Amino acid sequence: MSDEIDAIGGICGPEFPPPREGAVVRHIPIINQKGLHARASAKFVQTVERFQARVFVTRCGQTVGGDSIMGLMMLAAAPGTTIMVEALGSDAEAVVAALVELIGNRFGEDD
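The sequence shown maps to residues 1 to 111 in the numbering used here.
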């Protein structure tokens, strides 16, 4: 993966930590027009809450809980950036699949 520009214009390398043991992991590009903004973050959290899994999201070396709207927004995941999603628990595969679909569908936004 190539380096990305962080929220304040600096380079943040493609630094994703090693995945947690037993985690389902996907690297997902953000493709919607506004990135991981408030409404998109809320939809992300609503999706996570439907499953029995613990979700973590990483960008530029910063990891937050997938159940935190504010945490997700603090990642400043703009269009064209990539996030790493990790899930642990009985619904790990299902929640990751649902998040891949949500993000792939641009959070239901009209772009």
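Calculated directly from the structure, the hints in this document are not laboratory data. Hints are supplied without guarantee of correctness; some may be wrong.
What the hints assert, rightly or not - When the alpha-carbon atoms are kept at most 25 Å apart in a straight line, the in silico DMTMM-like pairs for lysine to aspartate or glutamate are as follows:
no.	residue 1	residue 2
1	K43	E93
2	K43	E101
3	K34	D110
4	K43	D91
5	K34	D91
6	K34	E101
7	K34	D67
8	K34	E49
9	K43	D67
10	K43	E109
11	K34	E15
12	K43	D110
Said to hold, decoys possible - Restraint ranges, calculated between C-beta atoms of paired labels, are given here:
no.	residue 1	residue 2	range
13	P19	D110	31 to 37 Å
14	T63	A97	18 to 24 Å
15	A78	G22	19 to 25 Å
16	D67	H27	16 to 22 Å
17	P19	E49	21 to 27 Å
18	P17	D110	31 to 37 Å
Quick caveat: nothing in here was measured; it's all calculated off a predicted structure. All C-beta atoms, glycine included, are put in the ideal place defined by N, C-alpha and C.
Hint check:
no.: 1; hint: K43 with E93; in the structure: holds, 18 Å
no.: 2; hint: K43 with E101; in the structure: holds, 12 Å
no.: 3; hint: K34 with D110; in the structure: holds, 11 Å
no.: 4; hint: K43 with D91; in the structure: holds, 18 Å
no.: 5; hint: K34 with D91; in the structure: violated, 29 Å
no.: 6; hint: K34 with E101; in the structure: holds, 17 Å
no.: 7; hint: K34 with D67; in the structure: holds, 20 Å
no.: 8; hint: K34 with E49; in the structure: holds, 23 Å
no.: 9; hint: K43 with D67; in the structure: holds, 10 Å
no.: 10; hint: K43 with E109; in the structure: holds, 11 Å
no.: 11; hint: K34 with E15; in the structure: holds, 23 Å
no.: 12; hint: K43 with D110; in the structure: holds, 15 Å
no.: 13; hint: P19 with D110: 31 to 37 Å; in the structure: holds, 34 Å
no.: 14; hint: T63 with A97: 18 to 24 Å; in the structure: holds, 21 Å
no.: 15; hint: A78 with G22: 19 to 25 Å; in the structure: violated, 31 Å
no.: 16; hint: D67 with H27: 16 to 22 Å; in the structure: holds, 20 Å
no.: 17; hint: P19 with E49: 21 to 27 Å; in the structure: holds, 22 Å
no.: 18; hint: P17 with D110: 31 to 37 Å; in the structure: holds, 35 Å
In this structure, the earlier hints numbered 5, 15 are contradicted, and the remaining ones agree with it.
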